[in-house]
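*Asks:* Chains as they are written, first to last, in our numbering: chain G, 1 to 462; chain E, 1 to 104.
No lab work stands behind these hints, which were simulated from the structure alone. Treat each hint with caution, since some may be false.
Restricting the straight-line Cα-Cα distance to at most 25 Å, the calculated cross-link-like pairs of lysine to any residue (SDA-like) are [as the list claims (entries may be wrong)]:
#, chain 1, residue 1, chain 2, residue 2
1, E, 16, G, 382
2, E, 16, G, 144
3, G, 314, G, 205
4, G, 264, E, 63
5, G, 436, E, 77
Please read these numbers as outputs of a predicted model, since none were measured by experiment.
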Amino acid sequence: MSTPLSATLRLGAGSGFWGDAMDPAMELLEKEPLDYLCFDFLAELTMALLQRQKAKDPNAGYVADAVAYMKAMMPLAHARGTRLISNGGGVNVAAAARQIAADARALGLKGMRIAAVEGDDFLGRMEGLLKSGLPLTHMDTGANNLAERAGDIVCANVYTDSTGIVQALQQGADVVIAGRVSDNAVYVGPAVHAFGWKRDAEHVDRIAAAVALGHIVECASACTGGMSSRFAEMPHMGRVGFPIIEMQRDGSAVITKTAGSGGKVDCHTIKEHMVYEIADPRAYLMPDGVADFTSLRLDDLGGDRVRVSGMRGKGAPRTLKLVVGLKDGWIGESMAFFPWPNAYDRVMKAKQTMLERFERLDLKSDAIHFDVIGLNMLHGDAAPRIDPGLANQLPELGLRCAVRTRSAAEADKVRRAAANLWIMGPGGTSFGTPIKPRPVVSLWPTLIPSGCVQQTVSMWEV
Amino acid sequence: MARHLSEIAYVRSGDKGDVCTAGLIARTPQDYAPLLRSVSPERVRALYGSWIKGDVECYPMDNIQAVVVVMRQALGGGATQTLRLDQTGKSLGAALLRLDVVEA
Numbered sequence: 001m002s003t004p005l006s007a008t009l010r011l012g013a014g015s016g017f018w019g020d021a022m023d024p025a026m027e028l029l030e031k032e033p034l035d036y037l038c039f040d041f042l043a044e045l046t047m048a049l050l051q052r053q054k055a056k057d058p059n060a061g062y063v064a065d066a067v068a069y070m071k072a073m074m075p076l077a078h079a080r081g082t083r084l085i086s087n088g089g090g091v092n093v094a095a096a097a098r099q100i101a102a103d104a105r106a107l108g109l110k111g112m113r114i115a116a117v118e119g120d121d122f123l124g125r126m127e128g129l130l131k132s133g134l135p136l137t138h139m140d141t142g143a144n145n146l147a148e149r150a151g152d153i154v155c156a157n158v159y160t161d162s163t164g165i166v167q168a169l170q171q172g173a174d175v176v177i178a179g180r181v182s183d184n185a186v187y188v189g190p191a192v193h194a195f196g197w198k199r200d201a202e203h204v205d206r207i208a209a210a211v212a213l214g215h216i217v218e219c220a221s222a223c224t225g226g227m228s229s230r231f232a233e234m235p236h237m238g239r240v241g242f243p244i245i246e247m248q249r250d251g252s253a254v255i256t257k258t259a260g261s262g263g264k265v266d267c268h269t270i271k272e273h274m275v276y277e278i279a280d281p282r283a284y285l286m287p288d289g290v291a292d293f294t295s296l297r298l299d300d301l302g303g304d305r306v307r308v309s310g311m312r313g314k315g316a317p318r319t320l321k322l323v324v325g326l327k328d329g330w331i332g333e334s335m336a337f338f339p340w341p342n343a344y345d346r347v348m349k350a351k352q353t354m355l356e357r358f359e360r361l362d363l364k365s366d367a368i369h370f371d372v373i374g375l376n377m378l379h380g381d382a383a384p385r386i387d388p389g390l391a392n393q394l395p396e397l398g399l400r401c402a403v404r405t406r407s408a409a410e411a412d413k414v415r416r417a418a419a420n421l422w423i424m425g426p427g428g429t430s431f432g433t434p435i436k437p438r439p440v441v442s443l444w445p446t447l448i449p450s451g452c453v454q455q456t457v458s459m460w461e462v
Numbered sequence: 001m002a003r004h005l006s007e008i009a010y011v012r013s014g015d016k017g018d019v020c021t022a023g024l025i026a027r028t029p030q031d032y033a034p035l036l037r038s039v040s041p042e043r044v045r046a047l048y049g050s051w052i053k054g055d056v057e058c059y060p061m062d063n064i065q066a067v068v069v070v071m072r073q074a075l076g077g078g079a080t081q082t083l084r085l086d087q088t089g090k091s092l093g094a095a096l097l098r099l100d101v102v103e104a
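Just chain E, same shape as in the assembly:
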């Protein structure tokens, strides 16, 4: 049975214009390696489908065992003009926890 990221990571997300940024944080130091293996721009784009129109970047932070995911054109135009309820992407990042963990 595949594990979801929700079992090994926490998330906090927000906005800057039409960019949604999410930080995934390993629950324990041992969770960091599988977290890194499991998050990639391709997987993130596939997860969100048409809800992300731009590029995705993933930045590892070894010092705090976290990965910052930057999703461009991901908020329907940005907080002030989006038609979505989650205008500032506070909820959007939680969906990342649905990604399957890539086991070693």
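The shape of chain G in the complex, shown without the other chains:
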């Protein structure tokens, strides 16, 4: 157990997704005393992408940005005593840790300890798992036939808890890089370590509080004014501040953000993210514990500070979520845009022409989908029907087409049909850059007993 900088544990959020801006994370590190700066880099599709990279190059397969972040931040973090925790190791955690250690050495950061947390990658274990007799039922569809698709498996990762991160911190790690730990394990881990919490009945509510706080900040600026319905009142979002959790030993906390930064923290910005991507709010299920989001209390303290308290929860579930990625055909996509007058009539004529081209090109598809851009692309059946006469008076409209096929060659016919429209289509039509066909990886989420997963920690010392 290590002692936080003070009785209050200060955790910063440094990244909400792979592609997030680095400058707000750097600003947070520069301006705020932090015990830990934590980063989420992974999404459901990321693991399949990283496995593809690793198949081409055995030293790839981690989030390259994650390693670049560590390189940029290690000198200051080391000087300040801020430890860096992320899940950017993807499907090649050891390679990422090795590279970070090499970068630390080149930067002259003697004594730095870099830990790799592994154990979530089940790609090499799928054959055994399929033979084990576990049902591996698809959580959403109830399907039971994963074994029939064994040849299509491209990735398999278990959302793991913070056990490995805690172990790495106990071993004195300054940088922890993990694979598919749950997004909020990067926040729960340091709290469990710093406060010396046990995973017992006495600490259930406190771990649930850490789960909830992790959820609130894990998408970084999404709780400091980003993605807000009140976007109009959010100041200087281009230099938004990333969030900070100031946590107490009892699990209560204040959420704030970098001093002097853009954006805002108030009860509303916190509520907006509390309700994001959860199912039953009474049981927000994470590998570290189950949080009851209907139990907590928010108090606006003013000055971009909101107190979060009163969390209750339940202990960790006995099963963990395993997400298996399966190769599942291709998608071909196209877009075209049409001007006034009679933009709607142009859209309809172009759609008819596309369908005729598909026939001539003998397109073999599983599904064909059209949207009228400007009328129904985002809301489909929930968008109000617009009278064609009225739609024809609009300044411009677009047509989007997306087709699911079994092969790349079939998907490419969508691009060709759309290119045919350049001259066969209605006058005045404009096209952006043609869109390349993309491979589809469908996901098979299932549950496995927690006992199947053993996390391991490896350490590199500079």
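Dock chain E against chain G, hints included.
*Replies:* Just chain E, lined up with the frame of chain G:
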């Protein structure tokens, strides 16, 4: 003249596989009761028509005056395989604000 939910609530939505989840948040404490009256699985399903193929569940959160709407089989197969542009349901939830407010 009927009010729309857009006058009394904010929304944020996203995805988990083929599930779209949306949180509706009352703009003021007084807006919470009408928000609760106005959101039901039946009304949500009727609004989205064929764009939601599975069940809808609505969970009230009295502590923060919000309702979480869980819409199953609502993203055309989920982000990685859907033919829709809004792959992760970020825009889809905003349509909930079209629901008429059920007045007391």
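*Asks:* Given the hint that residue 436 of chain G pairs with residue 77 of chain E, test it: the Cα-Cα distance must not exceed 25 Å.
*Replies:* Holds: residue 436 of chain G and residue 77 of chain E sit about 21 Å apart, inside 25 Å.
*Asks:* Does residue 382 of chain G sit within 25 Å of residue 16 of chain E, going by the straight-line distance between their CA atoms?
*Replies:* The given pair, whose Cα atoms are some 21 Å apart, holds under the 25 Å limit.
*Asks:* What's the verdict on residue 314 of chain G and residue 205 of chain G, does the C-alpha distance respect the 25 Å limit or exceed it?
*Replies:* holds, 7 Å
*Asks:* Does the alpha-carbon distance linking residue 16 of chain E and residue 144 of chain G stay inside the 25 Å limit?
*Replies:* The given pair, whose Cα atoms are some 20 Å apart, holds under the 25 Å limit.
*Asks:* Is residue 264 of chain G within 25 Å of residue 63 of chain E, Cα to Cα?
*Replies:* holds, 21 Å
Hint check: no violations occur; every hint is consistent with the structure.
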